[in-house]
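Listed below, chain by chain, are the residues.
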Amino acid sequence: MSWTFLLRRLLLAIPTLFGVAVIVFVLLRVVPGDPIAMLIGPGATEADIAELRRLYGLDESIALQFVYYLRDLAGGDFGTSISMRQDVMELVLGRLPVTIELCLVAMLVAVGLGGAMALAGAYWRGRSGEAAVDGAAGFILAIPDFLWALLFILFVVVFALDGLPISGRIGHDVAFRGATGFLLVESLLRLRLDAFGSVLLHTILPALALALPLAAIVARVLKTSINEAMTQDYILMARVKGFSRARIVGREALRNALVPTVTLTGVQFTFLVGGTVLVEKIFSYPGIGNMAIDAVINRDLPLIQGLVLTFAVLFIAVNLLVDVSYALLNPRMRHG
Amino acid sequence: MTATPPAVGPTLSVRDLHLAIAGRRRDTPILRGVSLDIAPGEVHGLVGESGAGKTMIGKAVLGIQPSRARIAAGSVLFDGRDITHLPERERRRLMGRGMGLIPQDPMTSLNPAHRIGAQIADVLRLHLGLDRAAAGARTLELLNEVHIRAPERVVRQYPHELSGGMRQRVSIAIAFACRPKLIVADEPTTALDVTVQRQVLALIKRMQAQEDASILFVTHDLGVVAKICDRVTVLHGGRVLETGATRRIVEAPGHDYTRALIAATPRHDRPGGLLRPVPEALTARLDAEALAYDAARGSHG
Amino acid sequence: MAEPALLEAAGLRLSLPDYSRKPPFGPAPPVDILHGIDLALAPGDTLGVVGESGSGKTSLGRTLVRLYKPTAGRLTFDGRDIADLPENRLRPLRPQFQMIFQDPQSSLNPRRRVADIVAQPLRLYGRAATGSEARRQVDALLERVALRPAHGDRYPHELSGGERQRVGIARAIALQPRLVVADEIVSGLDMSSQAQILALLHELRRDLGLALVFISHDLSVVRTVCDRVVVMLNGRAVEQGDCAAIFASPRHPYTRRLLNAIPLPDVDPGWVARTAENELGEKLTMNVRDSVALVTGANRGVGAAFVRALLERGATKVYAGMRSTDGYETPDGRVRPLALDVTDHGRIAEAAAECGDVTLLVNNAGANRNRPISDDDAQRNARDEMDVNYFGTMEMCRRFGPVLDANGGGAIVNMLSILSRVNLPMIGTYCASKAASLSLTQGVRAQLAAQGTLVVAVMPGAINTRMGDMNPPPLEEPADVASAALDAVEAGEEDIYPGTVAAGVSQGLAADAKAVEKQFAAYLPG
Amino acid sequence: MAEAAAVTGAASPTGGTARRLLANPRVVLGGAVLVFFALAALFAPLIAPHDPVEQDLLLQYVPPAWSDKAEAGYLFGTDNLGRDILSRLIYGARVALFVAVAAAAAAGLLGTALGLLAGYLGGWVDTVISRLVEIWMAFPAVLLSIVLVAVMGTGLHSVIIAIAVIDWTRFCRVVRAETMAQKQQDYVASAVTVGLGRMRILWREILPNVLPLLIVLFTLEMGIAVIVEAILSYVNLSLASDFPTWGGMISDGRKYVNQAPWLMILPILCVIALVLALNALGDGLKDALDPVMRR
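Protein chains in written order, with the numbering used here: chain A, 70 to 405; chain B, 10 to 310; chain C, 3 to 528; chain D, 57 to 351.
Just so you know, these hints were derived from the structure itself, not from any lab. Using N, Cα and C, we set each Cβ at its ideal position, and we do this for glycine too. Incorrect hints may have been included.
Under 10 Å between C-beta atoms, here's a sample of chain B residues computed to sit facing chain C [claimed, not checked]:
{"id": "1", "residue": "L103"}
{"id": "2", "residue": "R158"}
{"id": "3", "residue": "T204"}
{"id": "4", "residue": "G232"}
{"id": "5", "residue": "D239"}
{"id": "6", "residue": "T255"}
{"id": "7", "residue": "I258"}
Required output: the full structure, derived from the provided sequences and hints.
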């Protein structure tokens, strides 16, 4: 892969980030007219309002506010959370590992499940098996992650499955406080299998809720791509060469089918990350998504701002990774 | 050129082959009782316009016809052995060492995900049981034989890095890799520029002579047929109109359609304005004959 | 030409943006598609444009009807320059020149019925006031192209390929144009529909007096349709003229190669075997655009012409080698003057190290003492000539061969002379040195071909420079020779004979070598 | 299209398409479910057995009709405040469908206009619009919609604007790509040689070829809008909480899931049924409309 390509993608991320920052500013400071109206609780006095105004620099002109805003962002200063009275950056960084771990588990589930569905569908091509896979994928896809989450909760409640936790990230009875936020990895490394089991159990349902729609997409795209690849002339050539069917699907078709799948899966992965906002809320899972909803409910402007920007950086990073893996998979991109 | 009666039997013998594409309501006949023989070392041309079924014959011989195509009657004999309904496993063994294919479009028939070297070596390892090193060495030899310069470089390249002519050379190398007795060449030069076409034709002819292989050469181009084929079969509507030595077909065609096709072929060595299109009455007559054939078959089939 | 031209192009150039090389910011760099095309077409005349894929023939056709805007050059239609006309001023002229496209599948709007497609131009230019009037005219047009009025109610995808192409023709002639550009209109069709479409075209031309530009890769088809022909290669017209004459005796080697490659439907078992051995391999070709060139003897004459031609064809860098760079004025920022005396072998080795990015080497430096063998100083003269013409060229090839190989192959152009094949009295030593370099060139070629390097021998007649001006006319222009040599590099021709004299001699040598020698023996310069 | 009809004469230009649509089971099934919901929404006051906001604290948590503790007249039971669930679902369909149509139309108009311009004009217009899309894609859609509505204040119009502002990129990206593909087709070049103006080519030649794709996109976007509206009302940002919305009902149901699981399951099923129907319709339309474009 050419380095200029990578460099180009990195450079392009800069104006995108800047654009994101501008839009966040416009959204939170300009659109509401008076952002303070969002901030004040009931019973605030005129003096309180003026104090807040000064505190957030809202007594300056919009242009000047924008300059200060950019300056603060560039310095990594996201301000102080109003509801938690803590540095936004610290808050976000504390919760970020939780969401990342959840997303990665969900991703693994989605790729495993979707891949299996796709291979099954391709194997039963043109038979009722393929129709079943298509139908299942279409059904799963029609139900968004937050409804899956609610359905799971309903399921657990109705069938009284007390073994499956539907709230929190680790059992109250498990004494384990990680040094990092990556509890799954850390507990495994420190051989605290009880903690690992508890975290995994708490993660299963939210991860599955997030994973199902993506799994359906992986299944669809991969199956279509394999079927598409199987109609190509080089597959005919492979048959003439006398290769076995398993080898043709595995070595000749799958490799070519992976390229579009990785691209689409990557884009869809950003939707999965976005889905954590509601799913974490529903399962009271202590990640940044959960925090975001609370921030909106509490009208915690600096925290909202910090979280939206964090999500944006995550998305841009994911897209960058997708581009790189695309380039690595596609020989056309690797050379020239 | 003039074939002395072969001492051994034909390499390929197609006997009264009927093939139809299964449709929702009824089957569409594609081949209507095609018969042809190809002697060892013979280059046999199969000419016709689109829809004549010439490509389908090639596919049926190789056993790679589309899944909806049904061989209704007739047989394909390879080296005297009936391979019409050969089980998958046995057919795979026949490929490579028995038969090879030079495809029409070198752009799409090489796998874009694999290096050129691997695409040739894989066949050698599968059918000849060569180890990695031996297959690599033979691959270089093959590329040399098809006149690819700097083969050491080419084996490490991907198909998209080669020109159309180079890719077709690679396809030829793959087809001849295991010294098959029969090669199906499916319009191998149609996608190429005319100067490259001449090189590729020369290469196919040379490899064929060197390996003493038989070739079923599918094409729509009478010029190409005249230059490379020993014998020719003219096809229309899935029926054989005539078959014979190339010189006889080209210089004294026995069928009206062949004659019309030759008259409709433009030539740069003659002044303009002399083309005569194939008369519509003739094509209409041929279509009617095909339908009558179907009806006759249907009535006692 | 007796009649004034209907369509005339002079020095027509076209560049299009190359999106594959687009930088992260800013526009895509332009890539040259057409390099100065000249052509003229009289009313009612038929001009064939032939060439292989990538020759620029389709781009030329689209430029002629101003679908593309030429980057330079003149394009006059009926005496009016339309090269730079903006679209709104072009629109009133558009009915007069129409186009038929290669792929009727793509050129007919799939959402419209055939009758709408044909009626659209009529309505747009107010040629049909009412719906029924339009329909009447459409029916007449459909009939004209041998379709039935019922075809008008169909959608394009409901027609066969030949029928679709007829619709394309009907639309093109609806406005009674004076010029039609037909781009590969029979390439996707079967032999029988092709013959029908060609017959139709013939009729229409006769009845409507159309001028026709007929673009095709198939020389046989062009022969049946056209009066005149242009042969294109890499965006240049390498040969043009009367169709019958060119097809009977092609002058440019590329035209000859094209014609030789066509398999005519005559039985000829030896045809395939006659393919020249060097043709069997993939032809080595090289694009001058983006190359890094080194030209020896670059300060004047043919060398200077090479530098200009290289710059014009988009070489990214040109090392201009000369004995002394004093007083040399660089014609372009891309030119790097380089002190290089080809008789100084140590300096050549240095230069090979300095110029590690060279992909195209032009060995142009030559010496001619212009003295007969009987001369007193013959020994010394001969040595001087051999030093430059033979040993100099050899050392350059020896040192730069590995450089080209390291850069993935390239091309070497050795400037020789027709005198490397025949001898001229009074300059025998020169002829001998050139003959030796020709032998050398062939040896180098055999060796470097395996590394993907093309070696071209250029053997022109006398050239209009200070070195050659004592020769009698006709003299070749240096620019023409340089251009022919670079054409050869791009086409992969290994031996070329630019100019009428050289071409004639080389043909003569092939036919009757003795006669040529006698002719030359009788010929005395001065 | 009047002049087109005049030239070609009678035959309806959509005759073949209609037949193909009716032959597609997904179109028929999806369309039927959609029509069912649309009728319920349209005639809500006539169909609904009760006032959807009327509370009856004596009839809290009445289970649905198939339970043995059911009350007559309350087919799907009542909620924590004794409101009739069936009536609330019927009125909820009104909100869901209205938002779906309005938001998809708004997003579609904005995205299509920008996509057509970017794809057809290219150059700096394309660069600016593509950049904008890329920036937009860097936002988490759900969070952004929640923040948007929080900023603008609750209400139907906020919900519709939020969805349009977020989802126009879906239309823009697809329409841009398709327009670029269509622009490469020779029928566009042919329109230029005939002398058609740029905007006329875009409007009369290219747009009709992009239209089938737009119809499909619009259908799918309606499904997305239904979901987003449900999300927003789930977090209590859509409408005043006593007004029946499916998302609000799900939210209420979540609170009382242990006492009355049916409170949650019924609105969830409604959302799923409507979204499934719209997706099936969209996929079916894609298949049914495609052959005209491609073959």
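Identify every previously stated hint that the structure contradicts and give their numbers, smallest first.
Number 1 only.
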